[in-house]
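Trainee: Sequence:
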Amino acid sequence: MHYSDFGLTNTKHLLTRALNNGYAVPAFNFYNMETLNAILNAAEQTNSPVILAVSESALEYMTPDILMGMIRGAKYKKNQVALHLDHGHSFESCKHAIDSGFSSVMFDGSALHLSENIKLSKKITDYAHKFNVSVETELGVLAGIEDERTFTKKQSYTNPEIVADFVKQTQTDSLAIAIGTSHGLYKRKNENEKLRFDILKQIATNIPKIPLVLHGASTIPQKFITKINKFGGDISFARGISPAQLRQAITLHITKINIDSDSRLAFTSSIRETLAKYPNIINPREYLTTAMNAMTQNCIDEIKNIMGSSNKA
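Heads up, the sequence shown stops at 304 in my numbering, and the numbers go up one at a time, no gaps.
Take these hints with a grain of salt, some might be off.
[As the list claims (entries may be wrong)] In silico DSS-like links for lysine-lysine, alpha-carbon gap of 30 Å or less:
#1 K3 / K68
#2 K3 / K113
#3 K69 / K218
#4 K3 / K221
#5 K192 / K66
#6 K221 / K121
#7 K159 / K221
#8 K121 / K159
#9 K121 / K86
#10 K86 / K68
#11 K69 / K268
#12 K110 / K66
#13 K214 / K303
#14 K214 / K200
#15 K221 / K66
#16 K200 / K114
#17 K221 / K295
#18 K121 / K268
#19 K113 / K221
#20 K68 / K218
#21 K214 / K185
#22 K218 / K114
#23 K185 / K200
#24 K192 / K110
#25 K69 / K110
#26 K3 / K214
#27 K69 / K200
[What the hints assert, rightly or not] Estimated spans, in silico, between C-beta atoms of each pair:
#28 P275 / I153: 45 to 55 Å
#29 Y52 / T196: 56 to 66 Å
#30 D156 / E35: 17 to 27 Å
If you are wondering where the hints come from, they were derived from the structure by calculation, not from laboratory data. From the three backbone atoms N, C-alpha and C, an ideal C-beta is built for every residue, glycine too.
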């Protein structure tokens, strides 16, 4: 099964256009039919290209057959949507995604010794490129918790001095870097923390033709935190990356920004509110529809106000 059978495209195509035209393509994670449709509805309403991101654990949860069945039945613009494995941790995981019909994979070898990261990254690009599948790799380590498969307490910034050699040896199509973002809800200790734009500038100078990727870049809108807490949740001190900093990063060759926590917050806050206000509801379609619409609106806001990818499809 090849991704072209589904009308999907690879991320190399999408990110090269973004790099040449000064915007970022949003990579929104999804986990079920509702979150998939929320992303695609936002892409349609804004006429934006979009990357559908699936983690290893989400793929395991949905199963490849159900996932690809949803993709086959979904409505989207041909060649403007990529299906991307987010944080593949092994050759086998990336190969499985490619063989299942993914158009792009991310190999996360950031926790490995540099030589082992290069070796496995090259092995994966060699396999992926046979099928015209794009590969994203990572240098540097992001702190925080993405899910049960991707988490670390340590953070190390990407070394600009090694990126050119890494790209040359691995033949990667895009590079995820660490400049101060982090996974999960707790990205900053205070509002004054800034991304390391000095590192980003040097990386962009050293590999000017390679699309750069920012993981852990959710903004963590406080309106969702407030709503979740109002209707029975318990989240405190969560801080994200400001939209202004993300827009600045886009001017320095960031062409793909990963968003996961924001979507979870929009979806969950809507469900909590609906069930609290209408305690007699038992039909999942009712509260899942409102949650899907809330996530759609958040994706639209981020496409328009951060990515700059509206009308770029």
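Trainee: Are the hints correct? Go through all of them and say.
Mentor: Against the structure, the hints:
no., hint, in the structure
1, K3 / K68, "holds, 17 Å"
2, K3 / K113, "holds, 16 Å"
3, K69 / K218, "violated, 37 Å"
4, K3 / K221, "violated, 42 Å"
5, K192 / K66, "violated, 38 Å"
6, K221 / K121, "violated, 51 Å"
7, K159 / K221, "violated, 51 Å"
8, K121 / K159, "holds, 18 Å"
9, K121 / K86, "holds, 11 Å"
10, K86 / K68, "holds, 26 Å"
11, K69 / K268, "violated, 40 Å"
12, K110 / K66, "violated, 38 Å"
13, K214 / K303, "holds, 29 Å"
14, K214 / K200, "violated, 38 Å"
15, K221 / K66, "violated, 35 Å"
16, K200 / K114, "holds, 22 Å"
17, K221 / K295, "holds, 28 Å"
18, K121 / K268, "violated, 53 Å"
19, K113 / K221, "violated, 49 Å"
20, K68 / K218, "violated, 34 Å"
21, K214 / K185, "holds, 22 Å"
22, K218 / K114, "violated, 46 Å"
23, K185 / K200, "holds, 25 Å"
24, K192 / K110, "holds, 27 Å"
25, K69 / K110, "violated, 34 Å"
26, K3 / K214, "violated, 35 Å"
27, K69 / K200, "holds, 26 Å"
28, P275 / I153: 45 to 55 Å, "holds, 49 Å"
29, Y52 / T196: 56 to 66 Å, "violated, 40 Å"
30, D156 / E35: 17 to 27 Å, "violated, 41 Å"
Checked against the numbered hints given earlier, this structure breaks hints 3, 4, 5, 6, 7, 11, 12, 14, 15, 18, 19, 20, 22, 25, 26, 29, 30; the rest are met.
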